[in-house]
Amino acid sequence: DAGVIQSPRHEVTEMGQEVTLRCKPISGHNSLFWYRQTMMRGLELLIYFNNNVPIDDSGMPEDRFSAKMPNASFSTLKIQPSEPRDSAVYFCASFGQGGEKLFFGSGTQLSVL
Amino acid sequence: AQSVTQLGSHVSVSEGALVLLRCNYSSSVPPYLFWYVQYPNQGLQLLLKYTSAATLVKGINGFEAEFKKSETSFHLTKPSAHMSDAAEYFCAVSDLPDSWGKLQFGAGTQVVVTP
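Just so you know, the protein sequences line up as chains X and P, in that order.
Taken in order, the first sequence gives residues 316 to 428; the numbers are from the working numbering.
Taken in order, the second sequence gives residues 15 to 129; the numbers are from the working numbering.
Since the hints were derived computationally from the structure, they do not count as laboratory data.
Since the model is a prediction, treat every value here as computed from it, not as a measurement.
A virtual CB, placed ideally from N, CA and C, is assigned to each residue, including glycine.
Be aware that one or more of the hints could be misleading.
Incomplete in silico selection of chain P near chain X, CB under 10 Å [claimed, not checked]: (1) 40; (2) 44; (3) 50; (4) 56; (5) 58; (6) 60; (7) 63; (8) 77; (9) 94; (10) 96; (11) 98; (12) 100; (13) 114; (14) 116; (15) 118; (16) 122.
List of simulated lysine-lysine pairs, DSS-like, C-alpha gap at most 30 Å [said to hold, decoys possible]: (17) 393/X / 116/P; (18) 116/P / 383/X; (19) 83/P / 383/X; (20) 339/X / 82/P; (21) 83/P / 339/X; (22) 72/P / 83/P.
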């Protein structure tokens with residue numbers, strides 16, 4: 316298996332632009348998580364899905380952030396409009412039913428100028 | 015709310031020496047505890063987990079951790095450090111057995127291994 320796949324690997328954009336991060340979980344996994352990592356706040360859970368349904372989005376910082384999971388093999392995290400304080404590494408992770416191990420993607424390094 | 019505290023943001027060890035990374039947790043219910051490792055420019059990998067079975071947990075790459083309820087600790091150890099152990103290590107807690115992925119992470123400990 317190719318593991319959790321995230322794209323792009325790096326994203327540089329200007330303040331005010333829309334940013335879309337993408338994630339493909341491991342095939343057969345039914346839970347998907349979006350985490351953000353910054354120096355100031357460490358690793359934070361933004362949102363997670365079970366069977367494509369958002370279960371807990373309490374970590375989403377504000378209305379500029381939205382996430383979708385239209386099917387079991389794809390999820391997006393969108394920021395509109397982006398701000399410099401959104402600069403961080405965004406990780407997607409997944410696990411399957413009965414699994415006890417969370418698999419992380421390599422992350423998207425986002426820089427908002 | 016569950017939380018973990020990692021003592022020491024940076025640890026330097028000599029190759030072959032003991033690695034000891036400290037983690038204390040706060041939880042109102044029996045905790046599920048994890049150690050993850052992050053190598054540069056990579057995602058996190060699970061080293062080991064405690065889920066209320068044996069208190070001494072063995073993980074990958076020669077690491078182990080001991081759950082001590084009386085001390086609310088879950089320290090990570092490795093008897094002999096290798097250069098490849100240089101990475102950042104995160105302790106994490108989850109209180110929901112049906113949501114392994116909903117984790118509260120510690121701030122992380124950066125490990126440097128010197129020859």
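These are the hints, each one checked on the structure:
no.: 1; hint: 40; in the structure: violated, 16 Å
no.: 2; hint: 44; in the structure: violated, 16 Å
no.: 3; hint: 50; in the structure: holds, 8 Å
no.: 4; hint: 56; in the structure: holds, 6 Å
no.: 5; hint: 58; in the structure: holds, 5 Å
no.: 6; hint: 60; in the structure: holds, 5 Å
no.: 7; hint: 63; in the structure: holds, 6 Å
no.: 8; hint: 77; in the structure: violated, 15 Å
no.: 9; hint: 94; in the structure: violated, 25 Å
no.: 10; hint: 96; in the structure: violated, 22 Å
no.: 11; hint: 98; in the structure: violated, 18 Å
no.: 12; hint: 100; in the structure: violated, 18 Å
no.: 13; hint: 114; in the structure: holds, 6 Å
no.: 14; hint: 116; in the structure: holds, 6 Å
no.: 15; hint: 118; in the structure: holds, 8 Å
no.: 16; hint: 122; in the structure: holds, 7 Å
no.: 17; hint: 393/X / 116/P; in the structure: holds, 21 Å
no.: 18; hint: 116/P / 383/X; in the structure: holds, 18 Å
no.: 19; hint: 83/P / 383/X; in the structure: violated, 39 Å
no.: 20; hint: 339/X / 82/P; in the structure: violated, 38 Å
no.: 21; hint: 83/P / 339/X; in the structure: violated, 38 Å
no.: 22; hint: 72/P / 83/P; in the structure: holds, 18 Å
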